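A.B. asks: Chains as they are written, first to last, in our numbering: chain A, 1 to 391; chain B, 1001 to 1296; chain C, 2001 to 2387; chain D, 3001 to 3316.
Everything labelled a hint here was simulated from the structure, so no lab data went into it. Watch out, some of these pointers could steer you wrong.
If you anchor each label on the Cβ, the simulated ranges turn out as follows [said to hold, decoys possible]:
#1 B:V1056 x D:K3109: 41 to 47 Å
#2 C:V2306 x D:M3158: 37 to 43 Å
#3 D:K3109 x B:R1252: 53 to 59 Å
#4 B:G1180 x A:A47: 33 to 39 Å
These numbers were taken from a predicted model, which means no experiment stands behind them. Built from N, CA and C at the ideal position, the CB exists for glycine as well.
Next come the chains, spelled out residue by residue.
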Amino acid sequence: MTTEATSSPAPQTPVPGAVSAREKKNRRQDSGGVRGWFGRQNPWVRAGLMVLFAVLAFLLPYVGEIPLIGPQIVTQGIDWPSALFNMSYYVLLALGLNVVVGFAGLLDLGYVGFFAVGAYTVALLSSPDSVLRTEWGWTAAVPIGLAVAMLSGLVLGYPTLRLRGDYLAIVTLGFAEIIRIVATSTETLRGDRGFSDIPHPPGEFADGKPIFGVADAVPYYWLGLAVIILVILGVRNLDNSRVGRSWLAIREDQEAAEIMGVRTIKYKLWAFAIGAFIGGLGGVMFAGQQGFMNSQTFVLQFSILVLAGVVMGGSGNIAGAILGGALISYIPDRLRGIQDPIWHTDLFGFRFAIFGAVIIVIMIFRPQGLIPSRRRAMELKDREKEVAPIE
Amino acid sequence: MSEPHIETPAEADAANARPFDRPAPEGTGTGATAPAAPGEDVLLEVDNVTLRFGGVVALNEVSFSLRKGEIFGLIGPNGAGKTTCFNAMTGVYRPTSGGIRFQGQSIVGKKKHEITRGGIARTFQNVRLFPEMTALENVMVGADAHHKTSVIAALFRLPRHHREERTGRDRSYQLLRFVGIEHRAGDVARNLSYGEQRRLEIARALATNPTLLCLDEPAAGFNPAEKADLLALIRKIRDSGVTVLLIEHDMRLVMGVTDRIVVLEFGKKIAEGTPAEVRDNPAVIAAYLGVPTDAA
Amino acid sequence: MRQVLARAIGGLAVIGLIAGAAACNSDSGSDDTASGNCGYKLAFFGALTGSSANLGVNIEQGFELAINQYNEKKGSTCIEVAKFDSQGEPGVAPGVARNLVADKKILGIVGPPFSGESEAADPIFEAAGIPTVTPSATRVSLSANGWKTFHRAVANDDAQGPAAGNYIKNVMKAEKVFVANDQSAYGAGLSEVVEKTLGSAVVAKDKTEADGKQTDFSALVQKVVSSQATVLFYGGYYQNAGLIRKALTTAGWKGTLVGGDGMKDPGLAKAAGNAAAVGTITTCPCSPPEKAGGTFVTDYKAKWNVDAGTYSDVAFDAANMFLQGIDAGNTTPEKLNTYLSTVEYKGIANTYKFTDKGELDPNYIKVWTFKFDATGNTIADQEVPTA
Amino acid sequence: MNFSGLIQDFGPLTITGLAQGAIIALFALGYTLVYGVLRLINFAHSEVFLLGSYACLIVWGFFGLDQNSATPSTLSVIGLLLLGLVAAIVISGITALGVELVAYRPLRKRNAPPLAFLITAIGASLFISETVGVMTQRNIKGVPPLIQPRDVFVIGNMHVTNLQILIIVLALMSMFLLDRFINRSRLGRGIRAVAQNPDSAALMGVNKGRVISLVFLLGGLMAGIAAVMYDLKIGVTRFDAGFLLGIEAFTAAVLGGIGNLRGALLGGLLLGLLQNYAASLFGTEWLHAASFVLLVLILLVRPTGLLGESLGRARA
């Protein structure tokens, strides 16, 4: 793009003890973290690339129109825009879980619980089936849904923060199961009968047809994408601030972090709350698209799948989480309506088995994830290279 | 929505008043100035501290006090309770009985991060950096101790975030230069050499703006040349106005740099005084007799 | 830099591998011109994988059998079978439904089997104007949405529940009945109606988790034994029912297990063992297939090598009903929908005529009871009144 | 809440709960053993159990037995039981080793982060259970009635059957032998050494790779025994049976103190009992919720489970 911009600062020979102009420039820009190729680019180049990515992402529903490549990408057994929407809320969940697991290092196996809380709050406030009988619009119910999800993050987080890694994992798993069982077994939450007629997001086209109808999933995908972009910006800001540093420090050595003045409890709670908020965001989007939901959606396997996505993509890396979240939704959907090339049997029923195998293969060949966190990658790099002076 | 913030305005003012170009000059300690304690210049007072783990007495009625601006040595044979004493002072352990006062205020039972913010910083016997963070980030974590950017401010990149990031970063670079590893700022801590990691730990501790810096065997594993460099650094730190508490094994190092020394053995204080006084103390000689030290 | 690239390529290669394996797709739209009302598709929409796949598969096989027989008669692949796997999950159903409606050759849909996924997917079919006939979604409220394309080929829970209750009360003359359900929309709805019908005869109640979520029913069994009930009514599906029946026998309970059509499946005997399953009663808003005189039961077994399960016969009827309509020249979804609103079709399980809400005409609602025999099959017992 | 029901049925609920708990406990051992040595939640252990539960059915199928067969004579029942046990143990053991070889060993070689192991385990679990699901058309498979339950003794309304006694005795025996093996044998010492300190164990000449394989194998054996007992008790298996019981077994392992053998036993029995009592008190639909509530409460009081962790100190 703008080659001029990238090469602007003239390279200077580093004077021992002094700081090069380039370095000073960098100092002003970054938060001192490990920078990858992307992070080393000029801010304008970065912004340009990001806008380009965003535009491409918005055009994804029409990828099938590209000759040759397009048809290979789109899903067969499931409507492509719907598959994209599904990917969008999986990506949201992966982004949220990445804050909890990737940044703060808190292993959460019950993340779907927050998704459920967000979706159920919206359903309770807006569906005519609800005991509350409020029948709010979707937009009005969303802030409450998010607030309740965030609160549930704190409620879960507070008592369990004392627990170490794997114990936290089983307790969060337990909490999610309790939420599912409560949703199934209590009258108020209607269990398997579920809530119908949950309103869709508002908006009409010029001809009076609703933008968010039942037949076309593209607007939902675009809405999801817009939300994702906002979440990415927010999460990135946090990651590049003292909040991100505190999370990392907690993940690396909790006691040392505390002795360095990090309020570990506070930042862990924030990680839970922010994760829960983003999970709830996925939930309210889901409820708004679906129109109907019941307790069936919030099974344990869902949480585990999202966790698999985060780690597969690259735990602790925003781009990795996005890729991983998209893949866990995309791979099974893409395997629908496919025949295997040898026996021409339907691969359909095997798609989760294949998915399982794909997970193993990816993790074996890329144990740090598909797009590893820069830090993790650097760990593995040969030390020799690091000793060379910067630039 | 606002995060629960406990920091007091006084604390913040103190932090902001501190010039970032060098560690705090003597006299402008954090928090309220200590009320007149026994001896005006007393910074830290360990008063009859006893610490038991089950039936084991790790510290037995230990008392000593540190004066502002000195380099204080805490020595003793292995297992004498030096690190335990240290941990009690930094909030890792809570004394079974006795008091610890810092600038006249008791710090027993305070949270670790509160003690740090109050002005006591420390390093660890076995280096405990954040291995996947860069050297610069490690120091910035320390610098964050006195920052006030809230999660919301960080989320929306409010002006305070920018201001504090900038000052924190500049100060961190300066501290890295102060300890002599500025050229490694962008490397993850794991990849630094052992000596560099030790220095980085000191820089990280200094970043919290301490009034008292506690070094836990900082010279362990160093060769004589590195030890000499370290001595110079410790003096430099003291000269910049920070009181230093040094736990050390290496008698020569301690004798060379400290103003006063306390000797522990089996959790009990057996001697206190200037290096010269301690060196001639028969109890100390007895304690160290046949105990090989690094200096030997 | 090179390392970064290599890594990126490595990552892409993995994705490429997946995409490559998936590259060969089955959708090879045959372009033969529609002659003799041929060249169209009928779709099955329901669970083919996932934890509730077994019921979906029962229905799909009945549906596919009908179309195969039709094609054999025609001597060509006249009507194609299109299968859409919703996994029985409301969360998955809309995307799959939108994919279905994108295929303009599809004239009609058999499904969705479950009420939950119906709520999520039927609005999409309604918007596309494609008629659906569900062989098994019995939630009462489904017909109250004003959907014009919705048809239900079975009686809803309001009809079956009273019949089951009446049978327990009047035929079995049970005085102590234990009522339990699996908390599914179907099971809970049915058992509530049964409970109401039975009134004071209900001595105790319990709920279990759904199929595939619970296998140890010791506590429920103990409650049943202690309640001294002679009849256990279980609103749920055959897998749990089979496990419960087996556990009840093991615990020495001598009473009879009664359930709805969700239990009318040889799978119950497979789980419980024939010896334990003997005598178990299920109600079904359908007529016995052997009464229809057809060869459905043997044909099904020959084709799929398993016994026809719950709703296989209704799905078979639904598919045939569509095929008859297409034969008569109704080759657009709209025409087929209009055809459904007037048809009176005599199938193997029932005679079908729909009200304007898409419900089965009350005159044709029949509820029969069936009994498991010593070979693990269900034998028609008697017709029972629904009120 | 139905207190009178609980009190009335206390005896029978206790004995059925113990039988279920014994199965859970044996299953839980696999989680505990692997965790103790590798600090790894072996998610694929549920599928080790699953394949075991099918293996014995296939063997019994060779003899023409299915859920509708008559109960064979006592002598052949003993033979069949032994054969079924051997088949389940062998298949479960092989599966456990296979999972270790395919999903874990390559990661260990690459020094992967701990989370990566968890995810390959999930992948392996998904792969195995879904493959079984497709192969069995997701249908249930009935178990031959090898043992007709008969009351051995009756106390009040508590009927103790031969099957329950068999399950509990077999489980306790297996546990006892495993405990002896780990605490007394040379190989067991190796396991404890690696569990306590992998690095110094390696220095002392313990072959870590072998110890890890051994631990997976032992977990597999126990899961195999659990699988046969599960088949006999429940009478049906299905492609997701492993996942379902696996969560309970894992909960039990953590409850007792994961990495602690006796903790697994305690946790399993406790869970079996509690589930029964809770189901009687609140309704069967709350059975699983109750076990998680108990888990959360216990971990809040004792953050490392009832007996604490560490395989190394299994005697403690």
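A.B. asks: Okay, which hints does this one fail, numbers in order?
C.D. replies: Of the numbered hints, just 3 does not hold.
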